[in-house]
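Trainee: Listed below are the residues making up each chain.
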Amino acid sequence: MAHAPVLEAIDQTQIRRRPPLDVLYEWVTTVDHKKLGLMYIGYALLFLVIAGFEAVLMRIQLAVPNNHFVSPQVFNRLFTMHGTTMIFFVAMPVMFGFGNYLVPLMIGARDMAFPRLNAFSFWISAFGGLLMYFSYLGGDGLYGMGSAPDVGWFAYAPLTAKVFSPGHSTDYWTLAVLLSGVGSTGTALNIVTTVLSMRCRGMKLSRLPLFVWLMMVASGIVFVAVSPLTAAQIMLILDRYLGAHFFDTQAGGSAVLWMHFFWIFGHPEVYILVLPAFGFVNEIIPVFSRKAVFGYPAMVAASVGIGFISLSVWAHHMFTVGMGAAGNTFFVFSTMVISVPTGIKIFNWLATLWGGKIIFKVPMMFCIAFLFQFLVAGLTGIMLSAAPFNWQLSASYFVVAHFHYVIVGAIITSLFGAFYYWYPKMTGRMMSETLGKWHFWLFIIGFHLTFDFMHVPGLLGMPRRIYTYEAGRGWEGWNLIVGIGALFQTAGTLIFVYNLVRSYYRGEVAGHDPWDAWTLEWATPSPPPSYNFAVEPTVRSGRPLWDLKHPEDLDENYE
Amino acid sequence: MYNSTRLAILGVAHSPTSIFDPAATPARSAFGLSMLVLSVTLAIFLTVGGMLLYAVIRFRQRPTDSDREPAQIYGSNQIELSWTVIPILIVVMLFLSTTRVILDTQAAPKPSDALNVTVIGHQFWWEYRYPKLGVVTANELHVPISDPAKPTPTYLALSSADTDHSFWVPRLAGKTDLIPNRLNTMWIDPQSPGLYLGQCAQYCGTQHAKMLLRVYAQSPEDFAAWIKQQQRPAEPDLSGNAAAAEGQTVFMHSACINCHTVAGTVATGRFGPDLTHLASRDTIASGPVQNTAENLRQWIADPNSMKPGVLMPSMHLNDHDLDVITAYLTTLH
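If you read the sequences in order, they're chains C and L. Under the numbering used here, the first residue of the first sequence is numbered 1, with each subsequent residue one higher. Under the numbering used here, the first residue of the second sequence is numbered 1001, with each subsequent residue one higher.
By construction, these hints were calculated from the structure, which means they are not laboratory data. The model shown is predicted, which means the values in this text are computed figures rather than measured ones. Please note: incorrect hints may appear among the correct ones.
Unchecked claim - Computed footprint of chain L on chain C; a stretch qualifies when at least three of its residues, placed anywhere within it, have a C-beta under 8 Å from a C-beta of chain L: (1) 71-77; (2) 251-257; (3) 286-295; (4) 320-332; (5) 349-356; (6) 368-380; (7) 394-400.
Ideal Cβ positions, reconstructed from N, Cα and C, are used throughout, including at glycine.
Starting from the given sequences, assemble the full structure and let the hints guide the process.
Mentor: The structure is reproduced here in structure tokens:
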């Protein structure tokens, strides 16, 4: 009660309306982790809509055989921009956005360890995305060649060499990815440092909310995985402009070297994105099952285990490059092994549901869909890890279906859950449940129409990245269903965006703790004041708010 | 059982490029492995998915529930150990089965009478060279069928002249990449005659989509006859065919010869497909276009109209030259 006057004073200062220019100035110059987190999220949402639109154009082109909706050149740019945007300018920023916003709140800190590095990382990543889209205007350059990059999101050498990619489109791609890499590394450094050094009293590592653990492991992977990619971009620039021959096969360079650099980034990247998604699920499932997470130590161990093993699996993207039996066998093994800690996670989530009292609010609905879809994605992953099966499946639409199952079915689905769950904290308003259910059903039906049926043409020999195909290969009906699903997903996503905007003005007022949750972010007002906590909290268990609500059954007794 | 599964799959989804309709040993062993992996993953899916479904229905909140929180259970070492050990055992089993198929395919001894073919990927077509037989052709690969009792597989040595490509004929074998400055190998042994389709499976540039593969598996006699015909230089009898004779002159005096070879003539270019026996092929443009006189004429007039982004330029020939060059090319049997 001693702090009540302080809080009231804060509330009054927040009500005052200020001129728009002041507001803009405040957001551009801010070093507040919450504002930066929201900017990351907003920026990612903008690119999600753009890259989603690109996907819809591609699905229209592929819905029927021999279609002339877009030219091959335009199609190749679309899939390059779609992939690069979704990975570097949607998935990574949105995860860092949630990490930025939530990690300090969850560990009872007032900000990140390096607030100015935080702002720098955001702005440099943001400029990367703008630079890549500027290629539509600037890529023509002096040569009049191309506009946006068309080398595919993994930009295999030597297609990126000057001789095969004249003009500047590839340069835009390289520099955009380079900038994004710098930003990601900065944020990852910040998150690891924050978790290790900014925890409130009593917040031992063994009491960290699992989301924080997973953000820390994901950030740790960023150090190891993003650096080779950034280095490879510099080597590519040297190749293109200073006559180096790292990847220039005509001068004795190696195309396979680029593949190694790319995938030692590319595969851990999947875990950089999916570990925070696991984090969302780890926070949401217990609250809506009304039970503590099952097997916390095993969950942490599995996460750290995935972090390490993920660094040893990259060449399963390269089973077809002629590695030889020994290399193939090693990567089959490491890839199959990673399914063990991943399986532990799924079982522990199941056990958390078991015996609980499951409340089907929208965040939980998305998490249940995540569980089901991630299970399928993991199982198709096991199929792909069996190298001889992979020789058939790799670079086919089966792979496209598999990794979209991971990225859309697991990562984006849990992310939607996270939006519904933490939106009240971020804005002080609840999102509409009715619109949320429309969003959920349209999106999930669309997802399954698209990505369940996308496996089939892959099994029937359809390679990815083709702008058209002839009739009679048995692919046409499947691709039509896939296209129809894309429209459902678009409708769902538009309802979601509408819900975000509408709820900001008309949503029900949320209060501190609308979900009756247990982690520290729910102990502070919604939205939290800039200093987060008026007084540094002290915790005695992994679920401090449980302890407050259930003094008769303290969590700390079970540690 | 594999056969009945195969037929069931083919009933639902029929395609000339289905991986579930193998016609050669590498594709068949991948298929066998895929059936094992599919049944294991299906069993896991049914078990875990069923438990998930049960939990979601059984433990949902009901209006009659009391306000009390359910019992808090923090974990159980025995249960967690069991769902660590069982997956490890499944992984070991799958790993060993996979390794066996890898070795069967990649470390299989090469029979002495295997046929060697060098495959070179180009933007956006395939070059096939039979080094011991002195045959060079493009886009349509001819191989003999292989009798399992006395195997005569075809060994492909794969490389690329420009960017990465990938050789994928799903009914014969999984894919192997063609990478510049690197030599990869794979083998196929189709066991019944026929045409096997596929296409480039590694994005290689603008016209990646129309870089189709056609593999003609022939009986030993047919294959020997084909080789014999391909070994002859093109010496068409043009005496009774004034248009073709004129076409030959125009062809040999235009830029065509910088990129194309017609064996036995001054045309020795290697940037584009070898045309020595062009008229013996079923398709042009690397697969997507039937090899008819009209199509050929349109192709020469403006390749971009049929395959936008193709590297062959339009030579801006007049109608008469187009007619006579087409007439000449259709004589190259």
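Trainee: Now, for every hint given, state plainly whether the structure supports it.
Mentor: Status of each hint after checking the structure:
1. 71-77: holds (count 4)
2. 251-257: Result for this restraint: holds, n = 5.
3. 286-295: Holds: 6 residues of the segment 286-295 of chain C have a Cβ under 8 Å from chain L.
4. 320-332: holds (count 8)
5. 349-356: Since three or more residues must qualify, the claim that chain L covers the segment 349-356 of chain C holds, with 6 doing so at under 8 Å.
6. 368-380: holds (count 7)
7. 394-400: With 3 residues in contact (Cβ-Cβ under 8 Å with chain L), the coverage given for the segment 394-400 of chain C holds.
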